[in-house]
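Protein chains in written order, with my numbering: chain A, 1 to 229; chain B, 1 to 40.
Some hints here could point you the wrong way.
Said to hold, decoys possible - In silico BS3-like links for lysine-lysine, alpha-carbon gap of 25 angstroms or less:
1. A:Lys2 - A:Lys71
2. A:Lys71 - B:Lys30
3. A:Lys2 - B:Lys30
These are calculated hints, taken from the structure and not from any lab test.
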Amino acid sequence: MKRVFPILAILTAGLLSYGLYGALIQAPTEQTMGEVQRIFYYHVPSAWTAFCLFFVNLAASIAYLVRRNPKADALALASAEVGVVFCTVVLVTGPIWARPVWGIWWTWDLRLTLTLVLWLIYVSYLMLRRFSSSGQTPLMAAVLAVLGALDVPLVYFSIWFFRTQHPQPVVGGGGSIDPRMLHVLLVNWLAFMCFGTLVCWSRYRLEMVRRQVEETQALESLLAAGGSR
Amino acid sequence: MTYLLAAYVATWVIHIAYLGHLARSYARLKREIEELNRKL
């Protein structure tokens with residue numbers, strides 16, 4: 001992986017650049033909203049990437065609950081953290097789009113509120129992991145992750161089943177989109193997925209090394225205490 | 001156009017800030033490993 005990582009990073013940078021070019025230049029300007037609609041090419045792929053990362057968090061948490069595998073626990077932590085970063089992007093770019101289109105930054109619409117709740121659930125998950133010193137922390141975090149993941153389908157399907165102010169789905173759910181816009185949207189999603197995977201992988205490796213260092217430090221303290229007797 | 005620019009800049013500021021946080025964590029861990037190597 002050490003050798004492959006720089007190649008994947010370069011490919012991802014290329015894909016992100018192509019995605020940016022597509023979003024700003026290649027995609028046609030939407031007739032009603034104008035240029036501000038181009039926020040969609042970052043907002044939607046960031047949301048989909050966050051959902052995928054939260055799904056990885058769910059799968060890793062279940063794996064940890066079943067097998068108590070520390071690697072699964074580290075992957076759960078990494079995916080939740082990177083997922084929160086992407087969810088933050090969604091919560092920041094959404095209001096920036098809403099201000100010129102709706103005339104307001106925020107409304108307590110079902111989709112928006114559920115997304116904010118989703119973000120708060122995973123921030124709570126990270127807080128729990130950061131500040132709890134109990135040996136049961138990974139177990140409690142895994143249970144929270146399984147329950148928290150229930151919000152992901154609620155967020156995703158909220159615009160399918162309920163009347164909300166948020167725009168209706170353009171992919172699936174009976175929506176339609178210009179093929180050139182769809183192409184740019186999918187390129188950006190692929191780019192953000194690759195970027196998210198690489199960052200998640202880096203965070204996972206960092207977490208594994210951090211745990212090894214902590215174990216070695218504990219061992220060293222024990223040896224030092226034994227030597228001083 | 002201002003909103004569009006703001007959204008794109010905000011996206012990359014968030015990602016770069018997180019990458020910076022990861023890089024700092026990695027540097028701190030590297031120092032700890034070097035310290036441990038000296039002790040052991």
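Against the structure, the hints:
1. Among the hinted pairs, Lys2 of chain A with Lys71 of chain A is consistent with the structure: their alpha-carbon atoms are about 18 angstroms apart, no more than 25 angstroms.
2. Between Lys71 of chain A and Lys30 of chain B the CA atoms are separated by roughly 21 angstroms; this keeps the pair inside 25 angstroms, and the hint holds.
3. Simply put, Lys2 of chain A and Lys30 of chain B have alpha-carbon atoms about 17 angstroms apart, close enough for the 25 angstroms limit, and the pair holds.
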